[in-house]
Amino acid sequence: MKIPVTLKVNGETYELAIAPHRTLLDVLREEIQLTGTKKGCDVGDCGACTVLLDGKPVNSCLILAATVQNSEILTIEGLAKNGKLHPLQKAFLKDGAVQCGFCTPGVLMSLKALVDTNPSPTLDDVKTAMAGNLCRCTGYTKMFKAVETATRSL
Amino acid sequence: MRFELLQPRSLPEALEMKGKYGDKAKLLAGGTDLMVLMKERGLRTEVVLSLRGIRELDFIRSQDGRGVTLGALATHSAVARSSIIRKNFPDLVEACAQVSCIQIQNLGTVGGNLCNASPAADAAPPLLVLDAVLTLASTRGERRVPIHEFFLGPRQTVLMSDEILKEVFIPQTADRRGATYLKLGKRKAMEIAIIGIGVAIHLNGSDREITDCRIAMGSVAPTPVRARQGEEILRGQEVNDELIEETAVAAAEEARPISDVRGSREYRLDMIRVLCRRATRAALARARGNGVEG
Chain Y
0 MKIPVTLKVN GETYELAIAP HRTLLDVLRE EIQLTGTKKG CDVGDCGACT VLLDGKPVNS
60 CLILAATVQN SEILTIEGLA KNGKLHPLQK AFLKDGAVQC GFCTPGVLMS LKALVDTNPS
120 PTLDDVKTAM AGNLCRCTGY TKMFKAVETA TRSL
Chain G
0 MRFELLQPRS LPEALEMKGK YGDKAKLLAG GTDLMVLMKE RGLRTEVVLS LRGIRELDFI
60 RSQDGRGVTL GALATHSAVA RSSIIRKNFP DLVEACAQVS CIQIQNLGTV GGNLCNASPA
120 ADAAPPLLVL DAVLTLASTR GERRVPIHEF FLGPRQTVLM SDEILKEVFI PQTADRRGAT
180 YLKLGKRKAM EIAIIGIGVA IHLNGSDREI TDCRIAMGSV APTPVRARQG EEILRGQEVN
240 DELIEETAVA AAEEARPISD VRGSREYRLD MIRVLCRRAT RAALARARGN GVEG
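Going down the list, the protein sequences come from chains Y and G. If you count by numbering that gives the first Met the number 0, then the first sequence holds residues 0 to 153, one letter each, in order. If you count by numbering that gives the first Met the number 0, then the second sequence holds residues 0 to 293, one letter each, in order.
Please keep in mind that the hints were generated in silico from the structure rather than gathered at the bench. Just so we're clear, the structure is a prediction, and the values are computed from it rather than from any experiment. Any given hint could turn out to be false.
[As the list claims (entries may be wrong)] Sample of chain G residues facing chain Y (criterion: CB under 8 angstroms; computed from the structure):
hint	residue
1	Gly30
2	Met34
3	Phe58
4	Val132
5	Thr134
C-beta atoms are modelled at their ideal positions from N, C-alpha and C, and glycine is treated no differently.
Could you put together the complete structure from these sequences and hints?
The following block contains the structure:
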């Protein structure tokens, strides 16, 4: 049985009818067609599905979509503003911090939450912020460098 | 994963629902355990009762010098960032900040961590050390249960089928207290503790005599447990290395660990000794360094 659910995603309001068991991740990808948020493990281990819920990074695979109707959700698609990439996105391109790219949206959302609250993070801060995002290309070093590049320009 | 989803807006409404559905309704707070159990372990339930919309349960409140109360929906990150908690209970901060990763800390609640009753629950050892008291509510009323009576076994607690954990009260501690929580894992994040140890030391004014010592251990028995014989060795004593070693040995003797994928029984027993020693020294240094800050 489907229930009516209203979600606020990247500043837009979506009126949906979905089954109560569906996760925020599946609703983002399959109902709203925002497929930038990736499904990796689907049980909260890999961080590929990271989105911001009221500014805080969370695993969207562990959230029932119907339970976050009063929250602001930000996905990777909402990171660029007026066609301009976020400084973190620019730095990722410049420093070659993207390999296969599957973990990248989740990583960027974790890092966005970090620099929003801590504009000059230490390497340890960055590592803590990214601890829940697995990169199986093991391309962490360039991501760390990119954060440095980005925070210099913030 | 098919179920009816109930989303009460107030605690009384939630209690009515839990009273009506009992064991048929699984409670959902942060979802970091329940969602994984349903997706990965095949847990089936007729009803999911989400507490997420109950604002009155999402708080961390100072009780005028008597202690601090955590609402059932206080997340690990809210607790780890709270200035009242940081000032008084550094061991609880360390435990909450070592739960998995930031994404999970932002969703998972301390209350849910306790109700899930994993022997490895990170929040449990510090709250055992702090003699926290849990308020369990139902339409029949409320009862207060000391945390050491709350856990019955792996994933088993004294919660009745119509009850919901409402809040966790942490009594105020003596001024000259130092405490820490140490977690042993193969990596720093995304880890279930091989063992976890919380130690608190209370000193008298001279810095020499230990007026109170409290030790709690996770992942060493079917439930998180206090190491009361170990505590007794240090209580009322002047500090010295031999006593700290004796305490660590006693704590290991009180543990009943199993061998599992994370570590063997023998390894855990060895590591309890090592971590108990380290945690006791760290707690002592904190107690000496500053009274309240820990």
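Would you check whether Met34(G) satisfies its interface hint, that is, whether its CB is within less than 8 angstroms of any CB in chain Y?
Where the cut-off is 8 angstroms and the nearest Cβ of chain Y is about 4 angstroms from Met34(G), the hint holds.
Evaluation of the interface hint that places Thr134(G) against chain Y, nearest CB under 8 angstroms:
Interface hint status for Thr134(G): violated (24 angstroms vs cutoff 8 angstroms).
Can we keep the Val132(G) interface hint, with Cβ of chain Y closer than 8 angstroms?
violated (29 angstroms)
Does Phe58(G) pass the interface hint, meaning its C-beta sits closer than 8 angstroms to a C-beta of chain Y?
With a minimum Cβ separation of about 16 angstroms from chain Y (threshold 8 angstroms), the hint on Phe58(G) is violated.
Holds or violated: Gly30(G) as interface residue toward chain Y, Cβ cutoff 8 angstroms?
holds (5 angstroms)
When each numbered hint is compared with the structure, violations occur for hints 3, 4, 5.
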